[in-house]
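Asker: Following the hints, position chain B against chain A.
Protein chains: 2
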Amino acid sequence: MIDLLSLTQKLVQIPSQTKNEKEVCDFIESWVRTELPGIPLSRSRNNLIVCPPQRGDRPVIGLFGHIDTVPADPDQPLGVIKDGKLYGCGSSDMKSGVAVMMGLLKEYEKFNADLVAVFYDGEEGPDVGNGMRGLMPTLPPMDFAIVLEPTNNAIMAGCMGGLHAIVTVEGKRAHSARPWQGQNAIFRSLPLLAKLRDLPRREVNISGLTFYEVMSPTMASTSNAANVIPDKFEINVNARFAPNRSENDVVAELTKLVGDLATIRVRDVSVPGQVCVSHPLMQGWIERCSLQVEPKQAWTDLARLTANGIPAVNFGPGDPDRCHQAIEWMEIANLEKCYNLLSIFLTEICQVKAEPEA
Amino acid sequence: MIDLLSLTQKLVQIPSQTKNEKEVCDFIESWVRTELPGIPLSRSRNNLIVCPPQRGDRPVIGLFGHIDTVPADPDQPLGVIKDGKLYGCGSSDMKSGVAVMMGLLKEYEKFNADLVAVFYDGEEGPDVGNGMRGLMPTLPPMDFAIVLEPTNNAIMAGCMGGLHAIVTVEGKRAHSARPWQGQNAIFRSLPLLAKLRDLPRREVNISGLTFYEVMSPTMASTSNAANVIPDKFEINVNARFAPNRSENDVVAELTKLVGDLATIRVRDVSVPGQVCVSHPLMQGWIERCSLQVEPKQAWTDLARLTANGIPAVNFGPGDPDRCHQAIEWMEIANLEKCYNLLSIFLTEICQVKAEPEA
Chain A
22 MIDLLSLTQK
32 LVQIPSQTKN
42 EKEVCDFIES
52 WVRTELPGIP
62 LSRSRNNLIV
72 CPPQRGDRPV
82 IGLFGHIDTV
92 PADPDQPLGV
102 IKDGKLYGCG
112 SSDMKSGVAV
122 MMGLLKEYEK
132 FNADLVAVFY
142 DGEEGPDVGN
152 GMRGLMPTLP
162 PMDFAIVLEP
172 TNNAIMAGCM
182 GGLHAIVTVE
192 GKRAHSARPW
202 QGQNAIFRSL
212 PLLAKLRDLP
222 RREVNISGLT
232 FYEVMSPTMA
242 STSNAANVIP
252 DKFEINVNAR
262 FAPNRSENDV
272 VAELTKLVGD
282 LATIRVRDVS
292 VPGQVCVSHP
302 LMQGWIERCS
312 LQVEPKQAWT
322 DLARLTANGI
332 PAVNFGPGDP
342 DRCHQAIEWM
352 EIANLEKCYN
362 LLSIFLTEIC
372 QVKAEPEA
Chain B
22 MIDLLSLTQK
32 LVQIPSQTKN
42 EKEVCDFIES
52 WVRTELPGIP
62 LSRSRNNLIV
72 CPPQRGDRPV
82 IGLFGHIDTV
92 PADPDQPLGV
102 IKDGKLYGCG
112 SSDMKSGVAV
122 MMGLLKEYEK
132 FNADLVAVFY
142 DGEEGPDVGN
152 GMRGLMPTLP
162 PMDFAIVLEP
172 TNNAIMAGCM
182 GGLHAIVTVE
192 GKRAHSARPW
202 QGQNAIFRSL
212 PLLAKLRDLP
222 RREVNISGLT
232 FYEVMSPTMA
242 STSNAANVIP
252 DKFEINVNAR
262 FAPNRSENDV
272 VAELTKLVGD
282 LATIRVRDVS
292 VPGQVCVSHP
302 LMQGWIERCS
312 LQVEPKQAWT
322 DLARLTANGI
332 PAVNFGPGDP
342 DRCHQAIEWM
352 EIANLEKCYN
362 LLSIFLTEIC
372 QVKAEPEA
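Chains as they are written, first to last, in my numbering: chain A, 22 to 379; chain B, 22 to 379.
Please keep in mind that the hints were generated in silico from the structure rather than gathered at the bench.
One copy or any two copies: either way a pair holds, since identical chains are not told apart in the list.
Subject to a maximum C-alpha distance of 27 Å in a straight line, what follows is the list of computed DSS-like cross-link-like pairs (lysine-lysine):
hint, residue 1, residue 2
1, Lys193, Lys103
2, Lys374, Lys131
3, Lys31, Lys106
4, Lys127, Lys31
5, Lys31, Lys358
6, Lys216, Lys253
7, Lys193, Lys216
8, Lys106, Lys193
9, Lys40, Lys193
Next comes chain A alone, as it looks inside the complex (with noise of 0.2 Å):
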């Protein structure tokens, strides 16, 4: 096995926020045409596909992982270890389950499975900009599809739908010395971040699984001199809702919300993505290994994976509590880990067809 902490801690030292990948995608690349030479690759953006012989007589099993991360905190360390966990943006989220992949790669010969690995950018910015879309209708064929989002090694099934909405309230603009001739929309808001706030999260379940739907005001701006009682505020809000609801059931219980107070744009959805944990494959793998089986609460490409017809579930070593925060972190310890769990998975679970009796 090659030195998986080492390899991560390289990764996180490339910063690569959504839109600044091609540095981090360079390395991978770079290292793929080092360790694998002669193996199939290609490059489109900062999205590489790699692709090592198909024997044809196994299952073909995709490796997914997002190579971009959020903007990080200017105090974040980067790729510090200690006390047993690599602190750094992008530790959990998610390039200790890229070095997983890689690591995978270099031993695809002995596996019971062909492998597929998909390095991919733009997951944490827009819909638009992910490097998925446009890689979806390039994938080869593929039977079963692992995302290596952070996890903490249980198989995260399903996932959340996510949706962007610019929900703008309108005020009356006016000098700011004399904020009685206006309607400031900064205070015009408060009701609706009011109703925001108190609003519960909801359980869902699904196939024994619960998800948690909610909706958060994320971002929030105003576009007016500093001398001006502002006339527009705009609050970017996210819902995140469960693989059995639709983008038109959340729009319509977001208009309900807001009532009169303002206007809605949506901006961006994510479908949400579907539970596979009765797979066969999966069936094997849980068992064998006494997985924990959860509910994946955050969005992941697992959900374009499962609306294109190819079962997927989560499954990585980074933690799933520690992104997005200021101080992210990943246990070391999950790294050797996750990489066997995967290694019993392509070598015990998955088999090589039996030949056609004669």
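Answerer: Leaving out everything else, chain B in the frame of chain A:
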């Protein structure tokens, strides 16, 4: 008298949002060079001091006008004349005043006062970019100054001080799929915003004039990505304070209001302007023309003049209730009226000093 309406219209048709005053300054400079050939004129950046020959035997009267505007609303007409009004960003604040200054300059020879006209940039932005800061030390001595800010041809005495503070509410960052792991800084700001909303405007009486002290959030913004629970929400609070109060008084009040809900960073302070209506020149003019005398609610550069020992009032043709509004206009009839009232001031109230007895 020159055609003040056509001149105002031309000025309004040249957009001059703060930091983009070059074109309008070029226009004024070229007008002065054409209409008043040989008159001393000095330009620095987009600031012009026009100083017709001083006869030395009469009061020196300064005329002051800023040539920038707030950002125009995209739907705002640009110098349209309709129903006795001229529409456009800057029509009231204060290109009509600038046109009157130009009209008076044109007739400088006939007045019983020596004129100094100052056209300057950067008034609507942060104080650090205000053209008057650099001009103050270079101004010739003067006995009184008229600032032609919008006053509807009333004398508006004194002016409110202004203070901008960045009030930062902190939260705890988290993935927006799991908001319960964080603390939304927008939600944490609600008690503070409600306090600001519920703050009454406060009346302050000075020399029989009533000023209104107010405090408003004028800008607000998060700085995180859309799928993150914000850990920081920055609110620009703009306080306007009466001539008898200081920056320290206002900071103390804001600090008390904010309590432990947020941190405060003062980023811009404009001192208040003193009330100068008891000056003999003003007493004479007010009586002669039955001028209305009011307190000036908005900050103007009058404050900078009185702080430097130059008595001054605001007096201009624009409508203070229309400035910084989405649709700004000015009453066309006010232009000639303003010109005539200032002509009376400069011919009847200002007087050539009697020659001392031989």
